[in-house]
Amino acid sequence: MGKDTAALAALSGKLLMAVAEKRPLVQSITNFVSMDIAANALLAIGASPAMVHAPEETPEFARLIDALVINIGTLSKQAADSMEIAAQAAQINRKPWLIDPVGAGGLTFRNETMLRLLKYNPAIIRGNASEIIGVTRILGLTDKASAPRGVDSTSSANEVEDCAMALARHLKCTAVATGDIDIISDGDRIARIANGTPMMTRVTALGCSLSSVTGAFLAVADNAFEAAVAALAIYGVSGEMALEQAAGPASFRTAFLDTLYSIRASDITTRLRTI
Amino acid sequence: MGKDTAALAALSGKLLMAVAEKRPLVQSITNFVSMDIAANALLAIGASPAMVHAPEETPEFARLIDALVINIGTLSKQAADSMEIAAQAAQINRKPWLIDPVGAGGLTFRNETMLRLLKYNPAIIRGNASEIIGVTRILGLTDKASAPRGVDSTSSANEVEDCAMALARHLKCTAVATGDIDIISDGDRIARIANGTPMMTRVTALGCSLSSVTGAFLAVADNAFEAAVAALAIYGVSGEMALEQAAGPASFRTAFLDTLYSIRASDITTRLRTI
Amino acid sequence: MGKDTAALAALSGKLLMAVAEKRPLVQSITNFVSMDIAANALLAIGASPAMVHAPEETPEFARLIDALVINIGTLSKQAADSMEIAAQAAQINRKPWLIDPVGAGGLTFRNETMLRLLKYNPAIIRGNASEIIGVTRILGLTDKASAPRGVDSTSSANEVEDCAMALARHLKCTAVATGDIDIISDGDRIARIANGTPMMTRVTALGCSLSSVTGAFLAVADNAFEAAVAALAIYGVSGEMALEQAAGPASFRTAFLDTLYSIRASDITTRLRTI
Numbered sequence: 127m128g129k130d131t132a133a134l135a136a137l138s139g140k141l142l143m144a145v146a147e148k149r150p151l152v153q154s155i156t157n158f159v160s161m162d163i164a165a166n167a168l169l170a171i172g173a174s175p176a177m178v179h180a181p182e183e184t185p186e187f188a189r190l191i192d193a194l195v196i197n198i199g200t201l202s203k204q205a206a207d208s209m210e211i212a213a214q215a216a217q218i219n220r221k222p223w224l225i226d227p228v229g230a231g232g233l234t235f236r237n238e239t240m241l242r243l244l245k246y247n248p249a250i251i252r253g254n255a256s257e258i259i260g261v262t263r264i265l266g267l268t269d270k271a272s273a274p275r276g277v278d279s280t281s282s283a284n285e286v287e288d289c290a291m292a293l294a295r296h297l298k299c300t301a302v303a304t305g306d307i308d309i310i311s312d313g314d315r316i317a318r319i320a321n322g323t324p325m326m327t328r329v330t331a332l333g334c335s336l337s338s339v340t341g342a343f344l345a346v347a348d349n350a351f352e353a354a355v356a357a358l359a360i361y362g363v364s365g366e367m368a369l370e371q372a373a374g375p376a377s378f379r380t381a382f383l384d385t386l387y388s389i390r391a392s393d394i395t396t397r398l399r400t401i
Numbered sequence: 127m128g129k130d131t132a133a134l135a136a137l138s139g140k141l142l143m144a145v146a147e148k149r150p151l152v153q154s155i156t157n158f159v160s161m162d163i164a165a166n167a168l169l170a171i172g173a174s175p176a177m178v179h180a181p182e183e184t185p186e187f188a189r190l191i192d193a194l195v196i197n198i199g200t201l202s203k204q205a206a207d208s209m210e211i212a213a214q215a216a217q218i219n220r221k222p223w224l225i226d227p228v229g230a231g232g233l234t235f236r237n238e239t240m241l242r243l244l245k246y247n248p249a250i251i252r253g254n255a256s257e258i259i260g261v262t263r264i265l266g267l268t269d270k271a272s273a274p275r276g277v278d279s280t281s282s283a284n285e286v287e288d289c290a291m292a293l294a295r296h297l298k299c300t301a302v303a304t305g306d307i308d309i310i311s312d313g314d315r316i317a318r319i320a321n322g323t324p325m326m327t328r329v330t331a332l333g334c335s336l337s338s339v340t341g342a343f344l345a346v347a348d349n350a351f352e353a354a355v356a357a358l359a360i361y362g363v364s365g366e367m368a369l370e371q372a373a374g375p376a377s378f379r380t381a382f383l384d385t386l387y388s389i390r391a392s393d394i395t396t397r398l399r400t401i
Numbered sequence: 127m128g129k130d131t132a133a134l135a136a137l138s139g140k141l142l143m144a145v146a147e148k149r150p151l152v153q154s155i156t157n158f159v160s161m162d163i164a165a166n167a168l169l170a171i172g173a174s175p176a177m178v179h180a181p182e183e184t185p186e187f188a189r190l191i192d193a194l195v196i197n198i199g200t201l202s203k204q205a206a207d208s209m210e211i212a213a214q215a216a217q218i219n220r221k222p223w224l225i226d227p228v229g230a231g232g233l234t235f236r237n238e239t240m241l242r243l244l245k246y247n248p249a250i251i252r253g254n255a256s257e258i259i260g261v262t263r264i265l266g267l268t269d270k271a272s273a274p275r276g277v278d279s280t281s282s283a284n285e286v287e288d289c290a291m292a293l294a295r296h297l298k299c300t301a302v303a304t305g306d307i308d309i310i311s312d313g314d315r316i317a318r319i320a321n322g323t324p325m326m327t328r329v330t331a332l333g334c335s336l337s338s339v340t341g342a343f344l345a346v347a348d349n350a351f352e353a354a355v356a357a358l359a360i361y362g363v364s365g366e367m368a369l370e371q372a373a374g375p376a377s378f379r380t381a382f383l384d385t386l387y388s389i390r391a392s393d394i395t396t397r398l399r400t401i
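Protein chains in written order, with my numbering: chain A, 127 to 401; chain B, 127 to 401; chain C, 127 to 401.
Okay, chain A solo, but in the shape it has when bound (with noise of 0.2 angstroms):
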């Protein structure tokens, strides 16, 4: 392991350490698909999860919570409003908050979703690689054409770093393309994540609940970055460790859930792997 890669895992412990003392309440927007998962990823990390939502209370919310989490997967328009409104209050509240933008690029009502949701100035946006190339492309900063076919990535995590750094530097956060090689930019500093296995791309909403945990990352880290790169790391780590224990994506889901309850700052010391 390099220099880099034994800081970031030192990192990366600290940050796990530190949630599993603090408990951030964190936010979830999400989609139908995602909430069991994403409440339950949370809550092993010992992070409290709150799944509020509504316009009649997301602003007095806000002033509770460590962080916001926005997933626009099974978007609609009451949806969108209700969005919009917790970005805003989040934002007017200094709370960070991370959006996870499913599906964009593809379908014209996500794609101005998010950039009326953009507005209010995301910690971290985090997606797949055709998703964070989609939304490079809605802004105008990418002619690069990412065809989507439904929530699953097709794009190479290579293709995709010129995007997150450009998209990083235009919103001033911090952009994630998770794959097969997972990016962390900031604009200014690149992260790159070798671990994690494909059999979570067979568990539906790992991504999003990824997004859940980031948010909590969000709640204890000095800045973006270093939250982002903490949950990657934490999220890959017990990918591969989780797969030692799986006949398939069901049982993989059980024993990744509980190696994240499980997990310890020295895993991710033996574990981890940067490129």
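No wet-lab data here; the hints were simulated from the structure.
Glycine included, every Cβ here is placed at the ideal spot set by N, Cα and C.
A few of these clues could be false.
Coverage of chain A stretches by chain C, computed from C-beta distances (three or more under 8 angstroms per stretch; other residues unrestricted) [unchecked claim]:
hint : segment
1    : 148 to 160
2    : 194 to 202
3    : 222 to 233
4    : 325 to 334
5    : 373 to 384
Chain A is already provided as a structure; the job is to place chains B and C on it using the hints.
Using the frame of chain A, we list chains B and C on its own:
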């Protein structure tokens, strides 16, 4: 095991068998996070779940059901309206119903919704300690300051006993406050169940599923107090049995639902602890 | 194994491999209870799930999908409108679609919604026995009184065969009624599959997930009858294989999804039973 404990265990075992035999139809208007686990918990004990919620059909459906459970977890304006129509329909059709006041006390909109719903005479109100204190405060029955942080409870079981008793008397219902010690009061009697494990708080919506299962017992018990005691006893004992097979919260969830399916009256007799 | 059974098993194995190879994009507008298991079942067999449902984007999305599945489980006015727009878009774009008539027959609003949706020529209608009888009755094709209690079926498989046949002829589609014996009819042919286990009725939304998986087979099969046979064969055999590893309904659910992921054509050949 003392005489009272033995009597409560025998009652719980009897009602467990009654649910498996009658297979009550339990309508659950519950939050999006808990849909899966609530339905699976009902099926595990042999009840029949139905998540019908639309105002277009709840009045008609109220004639077919054996009990109704309302959970305000992921509240919205539209959901609140649906819940009021369903609660009213249950009252008109003399079907027992239970309310789970998720997050009550902490947010204005859900406090107002609670006041709307409590008019329709729920048979049981079940929440964690903070929520039960919260509802008692909304009704002006206590000055105790509960500060729920999200949906997880921070109050001790001892603090909440007075509130549960006051709430039960005021609403003429049975109040249940779950925690390290579960408290059940109908305003006259009080029961305290000491089973369970902290791992139960690491599985999202396990408390919500307890509310749905309590609805199934409402459909077969002589009264709400006995229904609540049976549900709490079975949940607490199943939690302890499941913990013996769990490596973390996800394998615990699996073992817990399996145990709900296979638990026998003799398990309750052997393991129930009251104080 | 007779000649017909061998032919159906071979067909099912061939389509199983075709799904894994083509990875069809299956839009599922399904109930809130089934979102998680439906998406995970699709991923397990190698298909790509998308739970897009908003009327703002379904017409555009219909051009990208390979099949559509609509499930009316947790119906609402808003959902019914979305479903009609999606069904119409599928018809216009000549994408095959399936309807799962959860609870049909028992409640006026869902009966009316069924009539609205059936106008758009579904390729398959799949329900349990009570639901298939219920839909047949709504359409005035039978006097048989089905009294569904919630969403669980109380009719025997034998009773429903005439209804499935009548429904298939009237709607010019394939009708599937699941039960102890699963019945598939296109109005001309009839197939009866005798695999499966009662444990499948103890896992919520397993039938809904079967509907979504059948949608994936619609995208690769020559016709709807063959798609339905393959889905039923694979579900029934997987259920029996999973039961061998299960201690209760939750470990069964895990084993079932793992089996969907790992099942091979030879498993179907060995185990399929038709009558």
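Each hint, compared with the structure:
1. 148 to 160: Coverage by chain C holds here, the residue count being 3 at a Cβ distance below 8 angstroms.
2. 194 to 202: holds (count 4)
3. 222 to 233: With 3 residues closer than 8 angstroms to chain C, the segment 222 to 233 of chain A meets the three-residue bar; holds.
4. 325 to 334: holds (count 5)
5. 373 to 384: Since 7 is at least three, the answer is holds.
The structure is consistent with each of the numbered hints, conforming to all of them.
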